[in-house]
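Peer 1: Chains B and Y, in that order, give the protein sequences. Reminder that position 163 of the first sequence reads as 162 in numbering that gives the first Met the number 0, one-by-one numbering, no gaps. Reminder that position 142 of the second sequence reads as 141 in numbering that gives the first Met the number 0, one-by-one numbering, no gaps.
Do not take every clue at face value.
Claimed, not checked - FRET-style restraints, in silico, Cβ to Cβ:
hint	chain 1	residue 1	chain 2	residue 2	range
1	Y	Phe394	B	Ser272	30 to 40 Å
2	Y	Phe375	B	Leu100	20 to 30 Å
3	B	Val27	Y	Leu372	29 to 39 Å
Bear in mind the hints are in silico, worked out from the structure with no lab data behind them. In this text, a Cβ means the ideal position worked out from N, Cα and C, and glycines have one as well.
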Amino acid sequence: MTTIAGERIPRHGSRIIAIWLVLTAISVPLIVLVLGPHLPPPNMTVESADQRNANIVMTALLVPIALLVLVYFIYSFVFFRETSDAIVDGPPIKGHAGAQLLWIVVTSAIVLALAVWGSYTLIAGAHGAGGGQGPDPAAKPPGYQHALPVQVIGQQWDWTFRYPTYGGIETRDLAIPDHTLVAFHVTSIDVTHSFWAYELGVKADAVPGVDNIAYVNPRHTGFFQIRCAELCGLWHGHMAKKGRVLAAPAFQAWIAAAQKQNASIVKYLPKYSRVYYPLPLRRAG
Amino acid sequence: MSATPIAAQPPVWRRLIGFNMLTGLVLGIGGWFLGAWIGGQMAVGHPYLQGTDQNDVGIYMGYLFGVIGFLVGLGFANYPIGRLLGRPPTLRQHETGSWTRYFRLCTDHKVVGIQYLFGVGIFFFIGGLNAMLMRTELLRPVEQAWPASQYLTLVSLHGTMMIMMTSAFILGPFGNYFVPIMIGARRMAFPRIEALTFWLVPAAGLILLSAIAFGGIATGWTGYAPLADEGRAGMDAYVMSFILIAISLTLVGLNLMATILTMRAPGMSWTRLPIFVWSVLATSILQALAAPVLVAAMAMVLMDRAANTSFFLASAGGSQYLYENLFWFFGHPEVYILALPGFGIVLELLPVFARKPLWGYRLAVAGMLGVTLLSFMVWQHHLFVSGMNAGLRPFYMLTTELISIPTGFIFLIAIGTLWRARIRFTVPMLFALAFFFNFLIGGLSGVFLSDVPSDVTTHGSYFVMAHFHYTIVGGLVFAFFGAVYYWLPKMLGFELNETLGKIHFWLFFVFFNLTFFPLFAAGFLDMPRRVSTYAPSLQTLNIFVSASAYVIGLSMLIFIANLVWSLVFVRQPAAENPWASRGLEWQVPTPVPVSNFDRVPVITSGPYEYGVPNAPPVADFAPGALPAAGS
Ligand code: HEM
Ligand SMILES: [Cu+2]
Ligand SMILES: [Cu+2]
Numbered sequence: 000m001t002t003i004a005g006e007r008i009p010r011h012g013s014r015i016i017a018i019w020l021v022l023t024a025i026s027v028p029l030i031v032l033v034l035g036p037h038l039p040p041p042n043m044t045v046e047s048a049d050q051r052n053a054n055i056v057m058t059a060l061l062v063p064i065a066l067l068v069l070v071y072f073i074y075s076f077v078f079f080r081e082t083s084d085a086i087v088d089g090p091p092i093k094g095h096a097g098a099q100l101l102w103i104v105v106t107s108a109i110v111l112a113l114a115v116w117g118s119y120t121l122i123a124g125a126h127g128a129g130g131g132q133g134p135d136p137a138a139k140p141p142g143y144q145h146a147l148p149v150q151v152i153g154q155q156w157d158w159t160f161r162y163p164t165y166g167g168i169e170t171r172d173l174a175i176p177d178h179t180l181v182a183f184h185v186t187s188i189d190v191t192h193s194f195w196a197y198e199l200g201v202k203a204d205a206v207p208g209v210d211n212i213a214y215v216n217p218r219h220t221g222f223f224q225i226r227c228a229e230l231c232g233l234w235h236g237h238m239a240k241k242g243r244v245l246a247a248p249a250f251q252a253w254i255a256a257a258q259k260q261n262a263s264i265v266k267y268l269p270k271y272s273r274v275y276y277p278l279p280l281r282r283a284g
Numbered sequence: 000m001s002a003t004p005i006a007a008q009p010p011v012w013r014r015l016i017g018f019n020m021l022t023g024l025v026l027g028i029g030g031w032f033l034g035a036w037i038g039g040q041m042a043v044g045h046p047y048l049q050g051t052d053q054n055d056v057g058i059y060m061g062y063l064f065g066v067i068g069f070l071v072g073l074g075f076a077n078y079p080i081g082r083l084l085g086r087p088p089t090l091r092q093h094e095t096g097s098w099t100r101y102f103r104l105c106t107d108h109k110v111v112g113i114q115y116l117f118g119v120g121i122f123f124f125i126g127g128l129n130a131m132l133m134r135t136e137l138l139r140p141v142e143q144a145w146p147a148s149q150y151l152t153l154v155s156l157h158g159t160m161m162i163m164m165t166s167a168f169i170l171g172p173f174g175n176y177f178v179p180i181m182i183g184a185r186r187m188a189f190p191r192i193e194a195l196t197f198w199l200v201p202a203a204g205l206i207l208l209s210a211i212a213f214g215g216i217a218t219g220w221t222g223y224a225p226l227a228d229e230g231r232a233g234m235d236a237y238v239m240s241f242i243l244i245a246i247s248l249t250l251v252g253l254n255l256m257a258t259i260l261t262m263r264a265p266g267m268s269w270t271r272l273p274i275f276v277w278s279v280l281a282t283s284i285l286q287a288l289a290a291p292v293l294v295a296a297m298a299m300v301l302m303d304r305a306a307n308t309s310f311f312l313a314s315a316g317g318s319q320y321l322y323e324n325l326f327w328f329f330g331h332p333e334v335y336i337l338a339l340p341g342f343g344i345v346l347e348l349l350p351v352f353a354r355k356p357l358w359g360y361r362l363a364v365a366g367m368l369g370v371t372l373l374s375f376m377v378w379q380h381h382l383f384v385s386g387m388n389a390g391l392r393p394f395y396m397l398t399t400e401l402i403s404i405p406t407g408f409i410f411l412i413a414i415g416t417l418w419r420a421r422i423r424f425t426v427p428m429l430f431a432l433a434f435f436f437n438f439l440i441g442g443l444s445g446v447f448l449s450d451v452p453s454d455v456t457t458h459g460s461y462f463v464m465a466h467f468h469y470t471i472v473g474g475l476v477f478a479f480f481g482a483v484y485y486w487l488p489k490m491l492g493f494e495l496n497e498t499l500g501k502i503h504f505w506l507f508f509v510f511f512n513l514t515f516f517p518l519f520a521a522g523f524l525d526m527p528r529r530v531s532t533y534a535p536s537l538q539t540l541n542i543f544v545s546a547s548a549y550v551i552g553l554s555m556l557i558f559i560a561n562l563v564w565s566l567v568f569v570r571q572p573a574a575e576n577p578w579a580s581r582g583l584e585w586q587v588p589t590p591v592p593v594s595n596f597d598r599v600p601v602i603t604s605g606p607y608e609y610g611v612p613n614a615p616p617v618a619d620f621a622p623g624a625l626p627a628a629g630s
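With these hints in hand, go ahead and build the complete structure from the sequences.
Peer 2: Rendered as structure tokens:
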């Protein structure tokens, strides 16, 4: 930046910016159009589609930032390296107020924009974005009063599901109807688990004594993968099963069959409740 | 490390008896049995204590007495008892002389630094071996090499060991060794406490490893309750070792803070303070404020397990959110305890090998202090889907993203410093530059995690695992090796082999990225953390990752070979200032004299004045002396 009289200084800055612009112009469309549709999660629900959009936007924003830093570093390795064996000092530049200010302004703007946009999707756009919101959700989707409640009970080491609006039956399989707002009420009867329905874009910790609510709007039918995302002991990795989004009539048929199957045992189940407190759990031995 | 022969050495067996590590181990093991017996007596008549598979009171008492025995055996009781009996203080005993001072209580900060380097290094190596064993299990999607419980114990031991050891990775060896020299002091503020902070580390490491004998640890390094309440007795080892490490971290923080604040040589103004010392100061603030919270969390787990309290049992009125809050209130500053010293190292190295002043020194300091402050305000980003305080999620999303502004300063400083520089690609510089590549990926992947909608997918998955390995291994561990190659010639007095150093670097750098980059994809493809079985479709990816991880292991063996070759066989004495650095620590003789400086130097200029015309030398080492004849 300081020009030493008589020495021709190549325009390093413009070259770096030019290389970066070219790379950005190539990579951003590739990210949005080619990589984007493969970014997770598969968009089976409104919420998971929002999550995928978040991932696409962020990749498209962050890759250029990474490219700028990388282009600069590689450029400097090539052009600012000492080729002789001698130890030669470089120009004693100690700082540049303008460059520092520019950096602070630009990074702050990016960060604030990300935070505002993230909060908007979380609250107004995606109504919790499929994440567990605790017993009293801060972001409620329209019509949440009529959402189909499905209780998810984590236990070492399985998931079971209760349908309070269908007689409180408890099943080992999860099925939900298509195009219906579903409210998962996730809880646990022993240690902390985390209910993760990958394709649905749902993740909510199963916490003993807590009714953790996550909303989801399925958009088409199919299978989804259920896993546990919080270490819960020995067989944590085995808390995986497939759930199904069914068309409304198929769901009615399924739940009717489940009710019939449950009829003889439902009276032995504890009364449906938002949380359960089994006896204090002590040491396994 | 000059081998000044000491007159009339007594025979070896005679020298083994005394206050040293061997005595410490013997008394430690004896203390364990005594404590376990006392704990057993305490449980008599309390059926709820005896009703479990192990009496936890006995185990905790065993560890407690074991630690006390270990410290007494090392000689930590001598000074206080001597003072009580009215004997004169003997501060600087055992400081010169034979190599045995490395196995004793020694209050010379340089000895403590080297003790840390090797002590922590050994446990780090064990943690690395665990990683290799884990990657072996993950070669196939089904359970194969180890039973599930052993795999979980491996994950927990690896994670806990690595977190504990890497917390001491830079402040331990290089903070203790170099901070006093870099600020022109002759010692640390509290030398005996300094020695104690080191000896707590092997005690914690050994206790943690003893978990293998007590049924292992099933919780990972985070030790979430109520799973921790339920765990086998190995959990007690986890609790006890974390308490010791947290005490050590707190004391290190207080000691370094006091040293830097009060013991700078005349002329060492805040704007001349080396940037590494600034990073140590910021880290010590974090350690002193965050680590005590971990002690509190662990004490509650201890009470839940030993005395049947129910801090974390919902069915008895407790809440596991209490644990999560306490743990992450420590845990998030902890990740900056790991990151900040790395920033300090790379910024310290860049000017030396770019031959330019550190660009934007004040901004770098502001960045580190900004990170320090903000890191206490973000901890609930670990709990976005926990169901706690969902309304506060935008706040924690904002603070988390804000922290990337001061972190970004570090990149700007590097960019400015490299601008039109005369870069020399020495081994330390390679590691410092690789830090920026790795930390770039680590940091940007963190932005995904800070965004709640995106975090709903990635939380608890391998994406997180890849993210923190990029920041901790790619950041801190690379910075650590940069520091090793840079400073070891001063610390040990011998040159390291450069070719082997470069092979180590390139293998580590390339295969580190090949190991961990694919794991982002594994996380995106719904592979959860801490599992030994996974979807068969991910097997190819996992085999690739495991194979690359083995090469990382190989690169570490090359490093060890380099150490042995250079230090034991070649023994080429290092030049006093091989890198032509302006750092004060390079102006003192090798080996560094016991009291560092003959006279306290007067600092006359900043450490990064490369290329500044007529820059004065960094310090006047003989202040008040007559000017040499003829000048
Ligand atoms: C060769 C290098 C390494 C390899 C191959 C490796 C591999 C692994 C693997 C396979 C896991 C288990 C992941 C899971 O299932 O969640 C893991 C976890 C972990 N690693 Fe490493 N690791 C390496 C180095 C390190 C280092 C240097 C650190 C330093 C701090 C570290 C810190 C951790 C932590 C904190 C965990 C989390 C443990 C937990 O889930 O509780 N790793 N690592
Ligand atoms: Cu689990
Ligand atoms: Cu954090």
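Peer 1: Each hint: holds or not?
Peer 2: A quick look at each hint next to the structure:
Remark: the range hint 30 to 40 Å for Y:Phe394 to B:Ser272 is upheld by a beta-carbon distance near 32 Å. At roughly 27 Å, the beta-carbon separation of Y:Phe375 and B:Leu100 lies within the given 20 to 30 Å, and the hint holds. With their beta carbons about 34 Å apart, B:Val27 and Y:Leu372 fall inside the hinted range of 29 to 39 Å.
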